[in-house]
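Enquirer: Sequence:
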Amino acid sequence: MSHIRSRFSKPADELVVRYTTSLPFDWRLYQEDIKCSTAHARMLGKQGIISAGDSQSIINGLSDILTEIETGSFVFKPEMEDIHMAIEGRLFELIGEAAGRLHTARSRNDQVATDVHLFVKNTCTSTINKIRTLQGALLKQAEAHQQTALPGYTHLQVAQPVLLSHHLLAYFEMLERDCGRFTDAKKRSDVMPLGSGALAGVPYPLDRKMVAEELGFTAISQNSLDAVSERDFVLEYLSDAAICQMHLSRLSEEMVIWSSAEYAFVELDDAYTTGSSIMPQKKNPDVAELCRGKTGRVYGSLNTMLTVMKGLPLSYNRDLQEDKEPLFECADTLGDSLEVFAGMIKTATFKPERMLRALEKGYVLATDIADYLVGKGESFRSSHGIVARLVSYAISQNKTFGELSLEEYRQFSNLFENDIYAVDIKSALNARNLAGGTAPKQIAQAIARAKKILAEAGVKN
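Our numbering puts the sequence shown at residues 2 to 462.
The reader is advised that the hints may include incorrect statements.
What the hints assert, rightly or not - Listed next, the in silico BS3-like pairs over lysine-lysine satisfying Cα-Cα at most 25 Å (straight line):
| hint | residue 1 | residue 2 |
| --- | --- | --- |
| 1 | K452 | K362 |
| 2 | K131 | K347 |
| 3 | K141 | K347 |
| 4 | K352 | K141 |
| 5 | K36 | K210 |
| 6 | K210 | K295 |
| 7 | K131 | K78 |
| 8 | K352 | K427 |
| 9 | K362 | K141 |
| 10 | K461 | K131 |
| 11 | K442 | K453 |
| 12 | K347 | K284 |
| 13 | K427 | K377 |
| 14 | K453 | K347 |
| 15 | K295 | K131 |
| 16 | K352 | K442 |
| 17 | K427 | K362 |
| 18 | K452 | K347 |
| 19 | K400 | K452 |
| 20 | K453 | K141 |
| 21 | K352 | K284 |
| 22 | K362 | K347 |
| 23 | K141 | K131 |
| 24 | K400 | K442 |
| 25 | K47 | K36 |
| 26 | K347 | K283 |
| 27 | K377 | K352 |
| 28 | K188 | K36 |
| 29 | K362 | K352 |
| 30 | K453 | K131 |
| 31 | K210 | K188 |
| 32 | K141 | K427 |
| 33 | K311 | K188 |
| 34 | K362 | K400 |
| 35 | K188 | K453 |
| 36 | K131 | K400 |
| 37 | K295 | K284 |
| 38 | K210 | K47 |
| 39 | K352 | K283 |
| 40 | K452 | K442 |
It is worth saying that the hints were derived from the structure and are not from the lab.
Using the sequences plus the hints, can you model the full thing?
Expert: Printed below as a string of C-alpha cells:
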C-alpha cells in the first residue's frame with residue numbers, strides 16, 4: 002500500500018487499513034489475476050512497450066507465484082490491501098524493479114474488472130455443469146418411474162393423477178431454463194475490460210485483442226467508462242442464481258413433505274439425512290431443509306449487489322469492492338446446493354404403493370368424471386356442478402368413486418352408465434395424451450427429449 006500513498010504525508014490509520022482491505026476474501030481471484038497479468042505482460046513485450054527481457058521475467062515470476070500459492074508456501078501479508086497488490090509485492094521480491102513495469106498501461110480498475118469477468122464466466126460454466134448433473138439424476142429417476150402414479154396437487158390439495166416421471170421432469174424443465182439463463186450470463190461476462198485504464202483508456206499502443214484471445218474472451222469492451230464501473234454481469238449471474246436456488250428450494254419443500262410419515266412418498270438415503278439429539282427415531286431431511294434455508298443467502302447476495310450499484314455515478318467507485326463477497330458466497334452456496342441435491346435425488350427411494358394409496362382416497366378422478374359427462378353431451382360447467390355434489394355425497398358416505406353404485410351415480414345425472422367404472426387412474430393418465438401432458442406416451446417422448454438435451458450438452462446418462 003506504501004507506493005499508492007506516496008502523495009500523502011502520513012500513513013493510513015490502522016483501522017482504515019483493516020476496514021478497507023479485501024485480501025481476506027479476494028485472494029480467491031489469484032488464478033484470474035495471475036492469468037490476466039501474464040497475458041498483459043506478454044502483450045506489453047510484443048508491442049515494445051516494455052523490453053522482451055522484462056516481459057519474460059514478469060511472466061516467469063508470476064508463474065512462480067502461482068506455484069507458491071497453490072502449494073501453500075505463499076505468505077499473504079496483511080499490509081497488502083488486496084490480492085492484486087499481494088501478487089505485485091511478491092513479484093518485486095522475486096524479480097526486482099522489473100516488476101514495476103507490469104502495471105504499465107493498466108489500472109487496478111480495469112485489472113479487477115477483468116479478473117471478475119473471468120471469474121463469473123468460469124463460474125457460469127461450472128454452474129451449468131452442476132445443473133446438468135442434477136438433471137441427469139432427475140432423468141434417471143423419471144425413467145425408473147414411468148408407470149408410477151401419484152396425486153398432482155394445487156394449493157397442496159389433491160387435484161389430478163400424474164405420473165411421478167412427469168413430476169420429476171417438471172424440475173428438469175426448470176433447470177433447463179436455468180441453463181439457458183446462465184448461458185446468456187456467460188455471454189455477457191465474456192467481454193474483456195482490460196485496456197480501459199482507470200476510466201478513459203490508456204495512451205499506449207496496446208493489442209487488446211491479443212490479450213483477449215489469450216484469456217479466452219470473445220469480445221473487448223467498447224466504452225472505457227462503462228467497462229471499469231459496470232457490474233451488470235455480476236448482477237445477472239446473481240439474479241440467475243437466485244432463480245435457480247428458488248427452484249431447488251421448491252424441490253426441497255417437496256422432499257421435506259414427501260419424506261414425512263404423513264406422506265411417505267419418498268425415503269431419503271441415510272447419507273442425506275440426520276438424526277435428533279433427543280428423539281432416537283428421527284430421520285430428518287436436513288439437507289433439503291438447509292437448501293431451502295440457504296435460498297435466503299442467495300437472495301441476499303442479489304439484493305446486496307443491487308443496493309451497492311443503485312447510486313453510483315460514473316465511473317469507478319470504491320463501493321465496487323463490495324461486489325466480491327456476495328458473488329463468492331452466492332457461487333459457493335448455489336454450487337454446493339446443486340451438488341448435494343444431485344446426490345440426494347440419485348439415492349432417493351420413491352414409494353409407489355404410498356402414492357397409489359393417496360390416489361385412492363383423494364377423489365382425483367373428479368375432473369375425469371366431469372369430462373365423462375361432457376362426452377355424454379353435458380356442458381362442462383353443468384358437469385362441474387354435478388360432480389361437485391357427487392364428491393360431497395361420496396365423502397358423506399365414506400365411499401370412493403369406485404365404491405358408488407350406478408344407482409347412486411344416477412341420483413346426480415341420468416347420463417351415468419355402466420361405462421363410468423372404466424374411468425380410473427390409468428384411463429385418466431392415458432387421456433392426457435398431448436404434448437406436455439402426463440400420458441405414458443408423452444412421458445416417453447419427454448424422456449427421449451431430455452436424453453437428447455443432455456447428450457447434446459455432453460452429459461453421459
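Enquirer: Take the hints in turn and mark each one as holding or not.
Expert: Hints and how they fare:
1. Annotation: proposed proximity of K452 to K362 is violated, straight-line Cα distance about 35 Å (limit 25 Å).
2. As the CA atoms of K131 and K347 are separated by approximately 14 Å, the hinted pair is consistent with the 25 Å bound.
3. As the CA atoms of K141 and K347 are separated by approximately 8 Å, the hinted pair is consistent with the 25 Å bound.
4. Proximity of K352 to K141 is assessed by CA-CA distance (about 16 Å); at most 25 Å being required, the pair is judged to hold.
5. With a C-alpha separation of about 15 Å, the suggested pairing of K36 with K210 holds against the 25 Å cut-off.
6. With a CA separation close to 40 Å, the supplied pair K210 and K295 exceeds the 25 Å bound.
7. Taken as a hint, the K131 and K78 pair is broken in the structure, with Cα atoms around 35 Å apart against an allowance of 25 Å.
8. A hinted pair counts as satisfied when its Cα atoms are at most 25 Å apart, and K352 with K427 qualifies at roughly 18 Å.
9. In summary, the hint linking K362 to K141 is not supported, as the alpha carbons are separated by about 29 Å, beyond the 25 Å threshold.
10. Distance check on the hinted pair: K461 and K131 sit about 13 Å apart at the alpha-carbon level, within 25 Å; holds.
11. The straight-line distance between the Cα atoms of K442 and K453 is roughly 17 Å, inside the 25 Å bound, and the hint therefore holds.
12. For the hint linking K347 to K284, the alpha-carbon distance of about 18 Å falls within 25 Å, and the restraint holds.
13. For the given pair, K427 sits about 20 Å from K377 by alpha-carbon distance, which is consistent with the 25 Å threshold.
14. Among the hinted pairs, K453 with K347 is consistent with the structure: their alpha-carbon atoms are about 20 Å apart, no more than 25 Å.
15. Among the hinted pairs, K295 with K131 is consistent with the structure: their alpha-carbon atoms are about 17 Å apart, no more than 25 Å.
16. For the hint linking K352 to K442, the alpha-carbon distance of about 22 Å falls within 25 Å, and the restraint holds.
17. Our distance criterion of 25 Å between C-alpha atoms is met by K427 and K362, whose separation comes to about 16 Å.
18. A distance of roughly 16 Å separates the Cα atoms of K452 and K347; the hinted pair therefore holds under the 25 Å criterion.
19. A hinted pair counts as satisfied when its Cα atoms are at most 25 Å apart, and K400 with K452 does not qualify at roughly 42 Å.
20. Restraint check: the Cα-Cα separation between K453 and K141 comes to about 13 Å, which is no more than 25 Å; the hinted pair holds.
21. The straight-line distance between the Cα atoms of K352 and K284 is roughly 16 Å, inside the 25 Å bound, and the hint therefore holds.
22. A threshold of 25 Å between alpha carbons decides the hint, and for K362 with K347 the separation of about 29 Å lies outside it, so the pair is violated.
23. A C-alpha spacing of about 16 Å is found between K141 and K131, which places the hinted pair at or below 25 Å, so the restraint holds.
24. A distance of roughly 32 Å separates the Cα atoms of K400 and K442; the hinted pair therefore is violated under the 25 Å criterion.
25. With a CA separation close to 17 Å, the supplied pair K47 and K36 stays within the 25 Å bound.
26. Simply put, K347 and K283 have alpha-carbon atoms about 22 Å apart, close enough for the 25 Å limit, and the pair holds.
27. Annotation: proposed proximity of K377 to K352 is violated, straight-line Cα distance about 37 Å (limit 25 Å).
28. With a CA separation close to 20 Å, the supplied pair K188 and K36 stays within the 25 Å bound.
29. Taking the CA atoms of K362 and K352, the gap is about 16 Å. The hint holds against a cut of 25 Å.
30. The straight-line distance between the Cα atoms of K453 and K131 is roughly 17 Å, inside the 25 Å bound, and the hint therefore holds.
31. Distance restraint check for K210 and K188: the Cα-Cα separation of roughly 17 Å lies within the 25 Å cut-off, and the hinted pair is therefore satisfied.
32. In summary, the hint linking K141 to K427 is supported, as the alpha carbons are separated by about 23 Å, within the 25 Å threshold.
33. A distance of roughly 23 Å separates the Cα atoms of K311 and K188; the hinted pair therefore holds under the 25 Å criterion.
34. A C-alpha spacing of about 9 Å is found between K362 and K400, which places the hinted pair at or below 25 Å, so the restraint holds.
35. Pair hint K188 plus K453 holds up; C-alpha atoms about 23 Å apart against a cutoff of 25 Å.
36. Among the hinted pairs, K131 with K400 is inconsistent with the structure: their alpha-carbon atoms are about 47 Å apart, more than 25 Å.
37. Using a Cα cut-off of 25 Å, the hinted pair K295 and K284 holds, with the two alpha carbons roughly 20 Å apart.
38. Restraint check: the Cα-Cα separation between K210 and K47 comes to about 13 Å, which is no more than 25 Å; the hinted pair holds.
39. With a C-alpha separation of about 19 Å, the suggested pair K352 and K283 falls inside the 25 Å cut-off, and the hint holds.
40. Distance restraint check for K452 and K442: the Cα-Cα separation of roughly 16 Å lies within the 25 Å cut-off, and the hinted pair is therefore satisfied.
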